[in-house]
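Enquirer: Chains L and R, in that order, are what the protein sequence lines are. One point on numbering: in this note's numbering, the residue at position 212 of the first sequence is 212, and numbering is uninterrupted. Heads up: take any position in the second sequence, counting from 1, add 1000, and you land on this note's numbering.
What the hints contain is simulated information worked out from the structure, not anything from laboratory work. Just so it is clear, the structure is predicted and the values come from calculations on it, not from any experiment. Glycine residues also receive a C-beta, built at the ideal position from the N, C-alpha and C atoms. One should not assume that every hint holds.
[Unchecked claim] Which residues of chain L face chain R? A partial, calculated answer using Cβ under 10 Å:
(1) Asn72
(2) Leu118
(3) Gly123
(4) Ala125
(5) Gly128
(6) Val129
(7) Ala148
(8) Glu159
(9) Ala163
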Amino acid sequence: MDYLLVSIIKILLIAPLLLATLAYIVWVERKVIAHVQLRVGPYFVGPHGLLQPIADAIKLLSKEDFIPSGVNHFFYWAAPWLGLMFAVSGIAVIPFGPMVEILGVKTNLGLADINIGLLWILGLAGMGVYGIALAGWSSNNKYALLGAMRSSAQMISYELPMALALAAPLLMSNSLNLREVVDTQAGFVFGFIPNWNLFTGFQLIGFVVYMICAFAETNRIPFDLPEAENELVAGFHSEYSSMKFAAFFMAEYCNMIIVCSVATALFLGGWHPIVPPVVATFVPTILFAIAAGTLFFHASHPIRPTDRKSFAVFGVIFAGLAAVFLVPVVGPILNSLFWFFGKVGFLLFFFIWVRATLPRFRYDQLMKIAWLFLFPIALVNLVLTAFGVTFFSK
Amino acid sequence: MDLVFFLTFAFIAVACALNMALQRHPVSSALSLIGVMVSLAVLYVLLGAEFIAAAQLVVYSGAIMVLFIFVIMLLNAGAEKATKKAGLAHFLGFPLLVTLLAISSWVITNATATAKPVKFGAFTAGGPREVGWELFTRYLLPFEVTSILILIAIAGAYRLANKEME
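Here chain L stands alone, though its shape is the one from the complex (with noise of 0.2 Å):
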């Protein structure tokens, strides 16, 4: 029962701060893109537009819900919350940080424990597809049906490389448990160097297979051919307004936070820091503390009148967090989540970079970049890491 209990509590947390994070990184991409290519971006509402994606909401939730002629009802109206379930889903195995103690009740950081982990991850992935091609198909329209079928075709060729080059990984932690593996890599290599499966472990073409496909996988550009604008007009949601769009979106973001947390998982030692643990557990503090002292300082010398104002409070609310990483009990399991999210935070400002970035492959490209490069290397890879791990575990 208290397990139960323990669970329940667990997913009243994660579950709103999952919804308000999807929410916000959109407010954060609009940003990064903006900034990328010299524009400000969403301003007017709120700070900053802060509150853009507050009044992106209520815009999407009183929106007219549409449903264009000779669409099939049933699968129109089931693609997007299937979507959105197999999306949410993973979230449920993937490890925030390491057994803490909480009000005297121990638990783990993270949902559920289970020895098929990434298993359940690469099959919510595979699954995944049937929101996108239930979509294209039920929309009765020719632009949505291409793009349905280009997403799946493009879902089953880079599956095969991702999990080839998850498999590297797998074989050196020698589990399938996402929790398991990242405790295999703490600690440090001549005092210094991260013990991560990226670094000792020597799976630098690993993880860049992996962080291709993971760009195929959740239909990002390069490789968002399913929903390319100046062919399909949207791809496989054209058909789709208000909520049911809203869902497509906020799958495709949790996909992103999902392939995200895994290669931090498998890789990048989880919420393991990178640097020795006599200087992590000042790391975020002192970075905070950056933040507010630039804030401030900017509040004092403001550009726009408005600075003067919205400057200060935020660099308040950094002070604040700086000194809660302080606090005894509270700081060293904010700390571990900090490592975790730091990491997760910096694949996803890359997601956001590329696209801001990268054009768009090619239909024959995509399929040359999966069968020809991405798959015969994670093999190649994959057969040299099991020689390694043979040779060294003797």
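Mind docking chain R on chain L? Use the hints.
Expert: For chain R alone, kept in the frame of chain L given last:
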């Protein structure tokens, strides 16, 4: 708790299987089949066979059924239309179904007369490590034969597709 889950998902599996046969449209049938596979995966988890459950999700509902849906969409197959040509099936279908069910239930009850009922949670050797160990020691020959079979299938598919292009 286990019993509740078992009954729920067993019911869903049977209902989806019936729905698969009854639906007119191939996409509806394919989706019902996915429902069957997913509920079977849940039953495997209940029995302690974690790896088989995950393989069921990844292979059957994640890969094979995606290809099914893909092909159905590619061919743009519409709903089935009833033809009146199958007169024989019209009269023989139901009696044959009853006979099949009777024979199979008779065989199953006879074959499992001495078997003990399954206890949930009693079987714990269903993890990836145990399954892998069995595959590469006791079942090595069937495993390798299967992989060669798949290789032959791939080569055959390649030859057929190439022929079409020439």
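Enquirer: Would you mind marking each hint as holding or not holding in the structure?
Expert: How the hints compare with the structure:
{"no.": "1", "hint": "Asn72", "verdict": "holds (8 Å)"}
{"no.": "2", "hint": "Leu118", "verdict": "holds (9 Å)"}
{"no.": "3", "hint": "Gly123", "verdict": "holds (3 Å)"}
{"no.": "4", "hint": "Ala125", "verdict": "holds (7 Å)"}
{"no.": "5", "hint": "Gly128", "verdict": "holds (9 Å)"}
{"no.": "6", "hint": "Val129", "verdict": "holds (5 Å)"}
{"no.": "7", "hint": "Ala148", "verdict": "holds (7 Å)"}
{"no.": "8", "hint": "Glu159", "verdict": "holds (7 Å)"}
{"no.": "9", "hint": "Ala163", "verdict": "holds (8 Å)"}
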